[in-house]
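Chain order of the listed sequences is Y and H. So for the first sequence, our numbering puts the first residue at 1; every next one is plus one. So for the second sequence, our numbering puts the first residue at 1; every next one is plus one.
These aren't lab readings, by the way, just hints derived from the structure by calculation. All values derive from a computational prediction rather than experimental measurement. Any given hint could be a false lead.
In the SDA-like style, the derived pairs of lysine to any residue whose C-alpha atoms are separated by at most 25 Å in a straight line are [stated by the list, open to error]:
(1) Y/276 with Y/298
(2) Y/293 with Y/271
(3) H/225 with Y/271
(4) H/69 with H/167
(5) H/28 with H/65
(6) H/28 with Y/133
(7) H/18 with Y/88
(8) H/69 with Y/293
(9) H/18 with Y/105
(10) H/28 with H/167
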Amino acid sequence: MTSKPDHVNDAINAYIDYLDGNSEGQTPSLEHLTHDERREVEAVIENLQGGRRFDPTNSAPSVESLLYGTPYYDALVGNRAGASDLASVRACVGELRPWAVDVQIEGLAAYGPSFVLVINGQPMRAQIRRDARNPAGLRSNDLIATASAVYRDHPETVGVALVYPDNHLSSVVIDPFDPEVCIEVPSGEVLGPRSRRPVRPLADAIRGYMNEAFPIFPSIQPAPRAALREDLDPALVQRIARQHMAAVVESGLRARTEAKKVAWGGLAALDVDAVKDLVLAAYRGDVDAVSLKAWLEELAVTRA
Amino acid sequence: MNVPAAEPLFDPEHPLLKDRPRLESLIKKMLSRISSLMGVPSTNPGRGLSGAETAEDVLQQVLLELLQKPADYADNWEGLGMRIARLRAVDAVRRAVKGRQLPAADNDAGNPGPSPEIDVVSLDAEATQPSIEKMQRAGRLSTEMTPEEEYLEAERQEILWDLARDTLDEQDLLIYRSIHHHEMTPPAVARLPGVSVGERQVRNRIAEIERRLVAAAAIDPRFPKRSSGAADEHQGDVS
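So that you can see chain Y by itself, here it is in the shape it has in the complex (with noise of 0.2 Å):
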């Protein structure tokens, strides 16, 4: 930004003395700027008279409080997280699949509608923050600070997603160490409210939430016992066997602690064929749990 001086910069502190009544009651004169200067310094002067009707920089108290105790707080009441909300939830977190995705209306605050969503049984909180000024408001310290008070009166909950009111329902998920403060390592840096992860639509925050915290792993399955069966060589068996075995008992023999240089030692007086014999009937389904339990324990005592 200059610094320099010149006719605008002039004339509008001029009009600025003229406001503090220090012109004597004189409008300051514009005669002497050019067409663009002048039309400049009319739009500045508009500015500073409509800024001194009214200052936006205020704390309107909230609906509620304006009309508690009368029939328009029940009617507030009523529409709070109306069923345009609602909806609009339930719209954003209904193909959240695999999880199973409840939501329900749970009050509203100062700054909006708050819903319960309850995935696969664990609450998550969404909070429609109409006090956030755009998406990316929503990473404020400020606001995050206030997901605090939701673990602390729903310890239960599983995550907090702050939720502005545009189309897509852009949000971020808080989780319950975000607000608070930590130090930082190895830094040591003392660290206030923060948000590690980005704003996105409702529903593709709570599956990375979701994701991160909940991960559903996919079940492997195993290969047909039959082709297993075909497959196995008991030569190699008693190979592998007897590779492991043996590194198992060089890093006992290395090993610093005496408990473990004795247990890890002592599998060197192991046989090796009665170790793939285990191993061969287990594979192959031979053995129950239990027999092969006492099998081990056999073994365990015949190395002793």
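Following the hints, put chain H in place on chain Y, whose structure we already have.
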């Protein structure tokens, strides 16, 4: 004969009750207007006039009055709200300064002049005691603007404040708010904690800030363009 007071009209289908963002936006603008007229610090609407209502009290009164109107009462609820806000704020100031008027003074020509007021001086620097005379002198009671234009002007000031917050650093924002909204003089701003420049630089900075915001507002699609001679619209009878 005692006439029972009429039950206030309650219409759950009132357009303002059904549109909360619209209601909240109007409330903020009405409070801004009321605070300005009552001369109470807008950052502290809980403050009020000596022995009278606070800006929040008046705001609540205006809001209830607005909601008691039938749903089809007005085409422009924003204009009506600003008009009621203006009237009730002036009423509040009149009630607060009632009894402070001195007997009418004669001027040199022998005609009765305006009655001077006894001023109340507060030891609290933040409290500014308004008077109708002061308000007229400051142009706050000017009726050049229709209520609809007042609403639009409040909208403009909100957008300017948004632009200021997005583009100015902390010190420039303080300078802008202090001069543009809080009517402080440049020398007073130069003495504020958080301002590290002198009066001359404050003057340069406020001029540059105002020019920059004019340029930013000119290309901001949200900023309502100013027009002169906006037609008055029916606002219903409010007195």
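How the hints compare with the structure:
no., hint, verdict
1, Y/276 with Y/298, "holds (15 Å)"
2, Y/293 with Y/271, "holds (17 Å)"
3, H/225 with Y/271, "violated (93 Å)"
4, H/69 with H/167, "violated (41 Å)"
5, H/28 with H/65, "holds (16 Å)"
6, H/28 with Y/133, "holds (15 Å)"
7, H/18 with Y/88, "holds (17 Å)"
8, H/69 with Y/293, "violated (84 Å)"
9, H/18 with Y/105, "holds (18 Å)"
10, H/28 with H/167, "holds (23 Å)"
Hint check: violations occur at hints 3, 4, 8; the rest are consistent with the structure.
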